[in-house]
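Peer 1: The residues making up each chain are set out below.
There are 4 protein chains.
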Amino acid sequence: MPIPKTMRAAVLYGEGDMRLVDDYPVPEPGPGEVLIKVAACAICGSDPKILAHGWPNHPPYGKFIFGHEYTGTVAALGPGVTELAVGDPIAVEPHKGCGVCANCRDGLYTTCLNYGQADKGHRHYGFSTNGGYAEYACNHVNSVYKVPAGMPLDQATLITTAATSLYGIRRIGGIRTGETVVVSGPGPIGLMAVTMARLLGAGTIILTGTRSERLALGLDLGADVLLNTREENVVERVFGLTGGVGASAVLECAGTSQAAADAVEMAKKNGRVALIAMYKEPAPLNVNKIVQWNITVAGSKAEGERSLAQALALLGRTIGSTNRVNLSPLITHCFSLDDIHAAFETAEKRLGGAVKVVVKP
Amino acid sequence: MPIPKTMRAAVLYGEGDMRLVDDYPVPEPGPGEVLIKVAACAICGSDPKILAHGWPNHPPYGKFIFGHEYTGTVAALGPGVTELAVGDPIAVEPHKGCGVCANCRDGLYTTCLNYGQADKGHRHYGFSTNGGYAEYACNHVNSVYKVPAGMPLDQATLITTAATSLYGIRRIGGIRTGETVVVSGPGPIGLMAVTMARLLGAGTIILTGTRSERLALGLDLGADVLLNTREENVVERVFGLTGGVGASAVLECAGTSQAAADAVEMAKKNGRVALIAMYKEPAPLNVNKIVQWNITVAGSKAEGERSLAQALALLGRTIGSTNRVNLSPLITHCFSLDDIHAAFETAEKRLGGAVKVVVKP
Amino acid sequence: MPIPKTMRAAVLYGEGDMRLVDDYPVPEPGPGEVLIKVAACAICGSDPKILAHGWPNHPPYGKFIFGHEYTGTVAALGPGVTELAVGDPIAVEPHKGCGVCANCRDGLYTTCLNYGQADKGHRHYGFSTNGGYAEYACNHVNSVYKVPAGMPLDQATLITTAATSLYGIRRIGGIRTGETVVVSGPGPIGLMAVTMARLLGAGTIILTGTRSERLALGLDLGADVLLNTREENVVERVFGLTGGVGASAVLECAGTSQAAADAVEMAKKNGRVALIAMYKEPAPLNVNKIVQWNITVAGSKAEGERSLAQALALLGRTIGSTNRVNLSPLITHCFSLDDIHAAFETAEKRLGGAVKVVVKP
Amino acid sequence: MPIPKTMRAAVLYGEGDMRLVDDYPVPEPGPGEVLIKVAACAICGSDPKILAHGWPNHPPYGKFIFGHEYTGTVAALGPGVTELAVGDPIAVEPHKGCGVCANCRDGLYTTCLNYGQADKGHRHYGFSTNGGYAEYACNHVNSVYKVPAGMPLDQATLITTAATSLYGIRRIGGIRTGETVVVSGPGPIGLMAVTMARLLGAGTIILTGTRSERLALGLDLGADVLLNTREENVVERVFGLTGGVGASAVLECAGTSQAAADAVEMAKKNGRVALIAMYKEPAPLNVNKIVQWNITVAGSKAEGERSLAQALALLGRTIGSTNRVNLSPLITHCFSLDDIHAAFETAEKRLGGAVKVVVKP
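Protein chains in written order, with our numbering: chain A, 1 to 361; chain B, 1 to 361; chain C, 1 to 361; chain D, 1 to 361.
Just so you know, the hints here were simulated from the structure itself, not pulled from any lab data.
Chain copies aren't distinguished; within one or between two, either way the pair holds.
Under the rule of at most 25 angstroms between Cα atoms (straight-line distance), these lysine to any residue pairs were calculated in the SDA-like manner:
(1) K349 x V11
(2) K120 x L241
(3) K5 x M18
(4) K289 x N114
(5) K289 x S46
(6) K280 x T256
(7) K120 x P60
(8) K289 x G107
(9) K120 x G80
(10) K120 x L84
(11) K63 x M18
(12) K280 x E265
(13) K349 x D154
(14) K37 x G78
(15) K63 x D338
(16) K280 x E345
(17) K120 x A76
(18) K289 x L51
(19) K280 x S257
(20) K146 x F239
(21) K146 x V225
(22) K37 x V86
(23) K146 x D106
(24) K120 x P27
(25) K120 x A102
(26) K289 x L241
Bound-form chain A, shown alone (with noise of 0.2 angstroms):
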């Protein structure tokens, strides 16, 4: 299929004003790059806050693009690139590290010491790089996964999440088998991170929040328990349920000062917990008990260590299949590129129960 000179994009001109255009130019893939014709894009919580405020190191506005869930099939190679061919169905990561840098270098390309430098490699796609809410995108080889045969490329937008979460996992020295796992806030990383506990060997899996509809979801992903913070002491409830010992693994996934404070009384002694959300201010942690009861707390940066790679290998295995996670629940809407902006209101102001939002172009 020929590749046109211009494409219809959803353009950010300036803070809240995204803007469809329709002669957008094709972008063309330089050495090491993949030209991909998207599929589906999905809304990220950073999303809404990137059409509010921009990011930092950005494009100019007016040329920038934002998305950085999306999925689609490999439409031209850049020169030297023969890790992919051309129709692949294919995921992406929006981290691209540097490649010279300590960090990248040792594997940790999230935390590139060359952020936002486009000149020295580093690639943020949909937020200092162009991203996915147009027809075409152009992506590092080294930023795209192949997608499984079998998995339909509207439920691989939630890769990306589902490394996330996985990242979070690995950042704590992954599941140990058959122990209690909590997870706070049943946002999607949240309800990802139940669903790669259960298929890496959680035992009981505690899954806390505050709306009930959302924590609903998760038992169908692995969750056993389900606690609402606003009508229990989640705490309590936890050491309750572990006859008195605590969780072995706490995955703060709510994004609060609260949650991070509880995430640490809710561990047992040698607990670990995992922060994979963002936070507004510093939170009051128990350090004295994390010190007493031998406690490790570990920041998880993004979907690191190709993280996409090891959730496309396990799940790629199990979408479709009947007697394994069913991860369609939590696509509950579906957009055009032209309805982008319908697309954002749900998902911010999540509309009919929105858990996660596709937009197609």
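Starting from the known structure of chain A, arrange chains B, C and D on it as the hints suggest.
Peer 2: Relative to the frame of chain A, chains B, C and D by itself:
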């Protein structure tokens, strides 16, 4: 040498009421225990608190002998003990786990789930069980370590402190070869953290604190840079000294909320923070930085996982040698057991620049 | 229910001489021990060897009851036991460490330095201490695990095997999400390795072996590809199936020199090989490949580091459930204790396609 | 200083045919590369093999400059290089990964899946790409490390060797504080392994080998015990020296099948063995001991995971200092590039007790 029936001991009779007695019964070692002829017992920062307020599950007032950083020689063996011989020079660790709970069986006896339950086999010598401010003490072999030849027994009282610092280092995955390490707080634990970090292959070591004479002690132990937190913005200085990158590892030994918060602020991307102190209140940690910079914060409970054995193996090569670290400057004062009240006053008020004060029966 | 003075038991009287007796004294639980009313005891691959040749430090012939994969209910508690209650359903592990040596104190009790020394507290139930081919057995609480509700006690005899496979997986750092795993040898340990790898998040699982009916069992437990080592070059096939890269993890459960050598040959760069079998002679491993490909080979001693607890927590959720793994096909035969000789013959000769043979007193 | 158009270089024209030429074109640094004015290049044990037989994917005979342990100063910067400045003293590592394959992205570039494929960005300087037996060399910045002030550039040629030893240590989880370490093989890698183990906190270090003068060098670098494998049963001696327990870590640097097999035999329960050498044939490892004793054997590929940076950070503090390790005795011979044939003869035949022979253009 015959073992007397009674001994001289400092006994707690109530809050703040420590009395020297001459007729305390010499304990008799039970199965798996050894009787120790105490050579020296160092005053720990927690001892004045025990003197003032007791400790949960402490032996009854009138019977309670505290002190937990002691060394001596084996005076007698209880039934079944084959690991040691009478006359062996030894150091002790305060914690002896129950040996049955999940944590003990995993080797994590400092977080024994049966803490304070003597009937389950748990011991916390000098806290919930009698300790070392006496002529004799009685310890389970699991809490006794042979002191290498050539290490003076008064210096060996520092091993408990060394092991506490070492365990903090272990809890963040050890010192990585050549990395920049910040140690905050030049108390005994901080100074031993400097010592251990130097012996374990650190690169630049930065020691921070408020007292310049204490900081100065760090230089001989291996610190490269001293920063006075009263005179400089230590977080800024750490970034200045590391080319804007931050510290690879921070060993927080100061025990204030500010120090804990600063420890996170000093850390580089993917940096690790060990908390090796006691804190009176929650600390406002920058959880967003912890996430965005992929930072790990680990609390460290006492001298866990047989860190005493490791510290003895390392420092046993060192103490007294001319070309490695000399620990003797840390033992600034030595008192007879008869003068234990003066010893405590010296330690608490840091009279005469006191760092470590040792009591000898 | 009153506990009788004597019991029916299969007693070893000499090499190859196992006799059923009716008047074996029921053991009395000492401090920290529990008396178990045995429900079932599975025959392990090492049992026929014990029957034929004894075991180092075994109890004297005429007194020696072997069998180590047993389950039952708690019949009585020894002094000081609070961890369990009479009537609790339980499974056991064979190893109970001395609790004093360096390895035990580090949690590594299956490599206790006081192996076989009963006076130091070491126990190897069914080997150097009496075991489970009897109506009653007596175990230290450290070797007893509560069976989750709903798990039949005959199926629970598989937990020792499951834990052995799991420990092998743990020894190579666990299963990494979605990775390709080869399991060589479809005996009980290999089949449980397939099961565990599947439940712990493996990607493609390749099972290799010589008997097609055994291999076929692996399919239901989670294997994706079966390779018959008699019919194909399995090393080549593994490379073919992985795009020329090799297997990420190899779990060697076959126990031949060739299988051990092949395990290294199958591994990819940075791959890990777990050895989870017994070998009669040294294996010619390609050490140059181990170096040039940065490979790790880890031996795995028994069901170490409380792997039984982990296996029970995971499989306790699973057995009997309709939508996860069903282990019951592995228990192919069940005999009364009276028919233990027939049970052994069935197990040894694999009569009727025997996989796991269970004996019930 | 102006950069000439041509340079003096030792060029391989065929097997065993190394010629000095004066008119080799000085390379021009491309994007991300730097031109290096070579100060010194040490002869590695693999160099005589390259001289004799070439190397897979080597540059064409008549153009091929080898040598990979070189240091120098930055002479010019290619486009986009901001990490270094002209005049910086530097050391290099031979491996530069493709930056795209799974291994490189995980930080494991010494096992790059695109080995030898220059078009994919892989470089193996002195092997599949030109190296350092010349007046100038050209390296990608990812393979160049700044030498700390005060470290002489001829001594800094040892950094590649040091990093290889260090990586072996890292591959078995580092040196554990105070543990007993055996180093087998007192060649440059073995001697640097002794050095690193000592600086990283080892306890007793036992060095084994066949040449007493080589062994003696180990004493100054930190070895405590020397064992001559021709004169004693080293396995027995290691057990004798460790109270019958065995060595905690064995660093196998001798490169014979016997040494690899012995390394396993020397290890204690739960011990770790690093293989850091090249082997001509499979080694008969005692796999049953590996299992029963829960042993880990890890191969170590070159100076991986930025071990050069770590080694420089550690040894940069050390070389030239009076109270730590002095490496200069290891550099026994120094030749001009004009005398490279004599240098090779000295290195190969170990004339005059040669350990490390350095060539200076």
